[in-house]
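Participant: In case you want the letters, here they are:
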Amino acid sequence: MGFVSRGFRGKRRDTASSSRVPPGQYVVTDFPVLSAGPTPRVNLERWTFSIEGEIDEPRRWTWKELQALPSETVTKDIHCVTKWSKLDTTWKGVSVDTLMEGVETAADFTTVHSDGGYTTNLALDDITGNKAWVVYEFDGQPLEPQHGGPVRFFVPHLYFWKSAKWVRGIRLQKEEHPGFWESNGYHIRGDPWREQRYWGD
Amino acid sequence: MLSWQFCTLAEIVQETPRVASLYLDVPDWQGHMAGQHVDVRLTADDGYRAERSYSIASAPADRRLALTVERLEDGEVSPYLVGELRIGDRLELRGPIGGYFVWPGDDQRPLLLIGGGSGVVPLMSMLRHRAGIGSTVAARLLFSSRSQADIIYRDELTRLGSAGDGLTVFHTVTREKPAGWTGYTRRVDEAMLKEVAWPKQDSPAVFICGPTSFVEAAASLLVAMGYEAPTIKTERFGATGG
Numbered sequence: 002m003g004f005v006s007r008g009f010r011g012k013r014r015d016t017a018s019s020s021r022v023p024p025g026q027y028v029v030t031d032f033p034v035l036s037a038g039p040t041p042r043v044n045l046e047r048w049t050f051s052i053e054g055e056i057d058e059p060r061r062w063t064w065k066e067l068q069a070l071p072s073e074t075v076t077k078d079i080h081c082v083t084k085w086s087k088l089d090t091t092w093k094g095v096s097v098d099t100l101m102e103g104v105e106t107a108a109d110f111t112t113v114h115s116d117g118g119y120t121t122n123l124a125l126d127d128i129t130g131n132k133a134w135v136v137y138e139f140d141g142q143p144l145e146p147q148h149g150g151p152v153r154f155f156v157p158h159l160y161f162w163k164s165a166k167w168v169r170g171i172r173l174q175k176e177e178h179p180g181f182w183e184s185n186g187y188h189i190r191g192d193p194w195r196e197q198r199y200w201g202d
Numbered sequence: 433m434l435s436w437q438f439c440t441l442a443e444i445v446q447e448t449p450r451v452a453s454l455y456l457d458v459p460d461w462q463g464h465m466a467g468q469h470v471d472v473r474l475t476a477d478d479g480y481r482a483e484r485s486y487s488i489a490s491a492p493a494d495r496r497l498a499l500t501v502e503r504l505e506d507g508e509v510s511p512y513l514v515g516e517l518r519i520g521d522r523l524e525l526r527g528p529i530g531g532y533f534v535w536p537g538d539d540q541r542p543l544l545l546i547g548g549g550s551g552v553v554p555l556m557s558m559l560r561h562r563a564g565i566g567s568t569v570a571a572r573l574l575f576s577s578r579s580q581a582d583i584i585y586r587d588e589l590t591r592l593g594s595a596g597d598g599l600t601v602f603h604t605v606t607r608e609k610p611a612g613w614t615g616y617t618r619r620v621d622e623a624m625l626k627e628v629a630w631p632k633q634d635s636p637a638v639f640i641c642g643p644t645s646f647v648e649a650a651a652s653l654l655v656a657m658g659y660e661a662p663t664i665k666t667e668r669f670g671a672t673g674g
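Those protein sequence lines, which keep their order, are chains A and B.
Going by our numbering, the letters in the first sequence line up with residues 2 to 202, in that order.
Going by our numbering, the letters in the second sequence line up with residues 433 to 674, in that order.
Heads up, some of the hints might be wrong.
As the list claims (entries may be wrong) - Below, computed lysine to aspartate or glutamate pairings styled on EDC-like, alpha-carbon distance capped at 16 Å:
1) A:K12 / B:D477
2) A:K12 / B:E505
3) A:K12 / B:E516
4) A:K12 / B:D478
5) A:K175 / A:D57
Said to hold, decoys possible - Label pairs and their computed distance ranges (CB to CB):
6) A:T63 / B:R541: 31 to 41 Å
7) A:E176 / B:E505: 44 to 54 Å
8) B:S635 / A:T63: 45 to 55 Å
9) A:R195 / B:E505: 25 to 35 Å
10) A:P179 / B:T568: 31 to 41 Å
11) B:G463 / A:V5: 26 to 36 Å
12) A:R47 / B:S635: 19 to 29 Å
Rather than coming from a laboratory, the hints here were simulated on the basis of the structure.
Positions of the beta carbon are idealized from the N, C-alpha and C atoms, including for glycine.
The following block holds chain B by itself, in its conformation from the complex (with noise of 0.2 Å):
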């Protein structure tokens, strides 16, 4: 049974301009599996409500709850919480949700995350709580942003990835040729997912979330590549929601 319960915003963390971190303390919280998400609720002064669902970006032994939002400018809820909401404000939430696109911690297959937008947030869960257990499994991170500004948690992905731990992070920008810009600045495609995928044979644990044409074509990819279908995960989102 999952109960509605109360949680106090501790902290934000502007990641880009558009996108925030909320650091939550939840009494009770019961813990979660890297990946899962959870359903905030809002109610107005004459109980009107609206419930969105979001993923959580901590991982599961961290102190504080953290969802990152990406503010849309047309939508109910981010903007609420991504411009509205205080230190101090309490939140309605529930969770944690969905037992699939979970990465659990013990599983030692290569790790494939491929993540577009805020897509990377459940991705960013399962590298946090790689890093927190100490795992080494093989993991590789394949983040598609629109510009340099616009990447969440760049220099946390930057510090993960330089841990000597068996991570490799890869970004690709598709909306501008930043000057010394080292990694790749197109959309996703063949050649790059032979570059960075590990190989079948390896039978890598796949992640792709982002928005639902991203995740569309890097699925598809895959597939065609000869990746097996049911070791590909995915979780999309539409240009809608908010």
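So here's chain A without its partners, still in its complex pose (with noise of 0.2 Å):
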């Protein structure tokens, strides 16, 4: 028997979900907020998603070309590295396997970049292949800013950071580029499933 801290019983998950929530991580049924600075505001007149980077030729979406383009409606669990977790979370929005049909390109990596300046991480096999979508919608509603309205980036199997708010782009990269959290103590890939919270996990 190892360290048991003295009178801590604890609140009890149902057995059902416990095996959803990854190590380390409690569940939540609000939709607590975690970013690094002011929310941004963003004028959907000039907005654009791109790929760009390793990429013959960048591609590039208005709002009203993005909402034009096949649409999913995914529920997932979401795992933030501050230790919550929100069960069955539903979001509309664009599979990047649809935004990425018939590129070529040399990248392993790539980085997700937001207004506001915020960068991540991610290896391309970590967002192809029915992992991640551009969502614009929470519930059956316009994502709201503070929750990274109008579009966000949604790649439920990593920890939420990864999910970028306020999303523009992605860029495509032979290499791998830290991101803003992944500079800043936090882990490069960030599996819920593995704990990889931070540096050395």
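Each chain sits in its own coordinate frame; assemble them with the hints.
Facilitator: Quick look at the structure:
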């Protein structure tokens, strides 16, 4: 028997959902907000989403063009590195597979970047193959600015800092460039099931 | 590599009816920067565990590591830390964590700290650090509390603010208008920030910490007033946690 916190019992989860909660996480029912700076106000008239870098013809969509693409509605659990998890969240947007259709690239890595200068690095394998979306609705409603609206990245199998708010594009790269939190003590990949929270985890 | 390590509770200081500071002896603490946090892990006798993050309240050079914790009645970890944990008990933690919401001490820009409730904790680490290293960098703290009785570190802030080293502390209370009170009695608004904040031409380093709605409001006001977004660092916590 290892260490026990004297007098601690804790609030047990029901067993049905506990298998869905990664180590060190707890379930919330509200939707906490975390970001490193002020919430940018995004002008949709001038908004575009781009894919550039290791690609012959960079791609770019306006807000209207993005909305005209085939959309998907997905329900996923999300896990924030600050310890909260939220189960069964529903989002609507465009799969990265749709955006990347027909793209030939030598890149293995990407940097997803946002209004306000935020960046996060993701392996190309982590955002393709039905694993990532560019979303503009949460729970059937337009995505609120404080939750990343009008458009955020959504890659729910990794800690939620990878799901960049106020997203503007994907840069395809041959090498891995640590993003904002990844340069500030947080794990380069961030798999919640391996509890990859911080450098060295 | 941040490994879990044991520490021992050496002292408890009740800051307000709901908030207490835990002073911890941490063997081989690697040191921290003002503004960083730690993860705390509790283990029940059947192996069940719960983890939470808490901001560090102490300065890097302080003898003991201090965490200031608000007891959330429906929380899982905070009612244990504030209520159950006793002097001499051991606690598991790892850290320090976070390299962004930090004030290194050699930054010469005027400092503007805006805290709501227990969001003042990482800001207090910065102010303790500032005092400890003898910094005279111009600094202002705007601290919003619900009531006078809810003001965390009240006496120490009064002391720090009257040391004559360039720090001014401003209080606002949002749920009462106490007799004889000389601070503000409303939520943070533009008029208040105009009076308190360093002019934007002075390019202050801004740190805002508190509940989400508080941080959203203060940061948005500053941006609307023309402060550069990249100079405004924020840390938020939701209503949950615990």
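Participant: With reference to the structure, classify each hint as holding or not holding.
Facilitator: Hints, verified against the model:
1. For a cut-off of 16 Å, the pair hint linking A:K12 to B:D477 stands: about 13 Å separates their Cα positions.
2. Only pairs whose Cα atoms come within 16 Å are accepted, and A:K12 paired with B:E505 is accepted, the gap being roughly 12 Å.
3. A C-alpha spacing of about 15 Å is found between A:K12 and B:E516, which places the hinted pair at or below 16 Å, so the restraint holds.
4. In summary, the hint linking A:K12 to B:D478 is supported, as the alpha carbons are separated by about 13 Å, within the 16 Å threshold.
5. For the proposed pair A:K175 and A:D57, the alpha carbon gap of about 14 Å is at most 16 Å, so the pair holds.
6. In this structure the supplied range 31 to 41 Å holds for A:T63 paired with B:R541, their Cβ-Cβ distance being about 39 Å.
7. The hinted range of 44 to 54 Å is satisfied by A:E176 and B:E505, whose Cβ atoms lie roughly 49 Å apart.
8. The hint said 45 to 55 Å for the Cβ distance between B:S635 and A:T63, and at roughly 35 Å that hint is violated.
9. Taking 25 to 35 Å as the suggested C-beta distance range, the pair A:R195 and B:E505 conforms, at roughly 33 Å.
10. The hinted range of 31 to 41 Å is satisfied by A:P179 and B:T568, whose Cβ atoms lie roughly 35 Å apart.
11. Between B:G463 and A:V5 the C-beta distance comes to about 29 Å, which sits within the given range of 26 to 36 Å.
12. Under the hint 19 to 29 Å, the C-beta atoms of A:R47 and B:S635, about 28 Å apart, fit the expected range.
Hint check: a violation occurs at hint 8 only; the rest are consistent with the structure.
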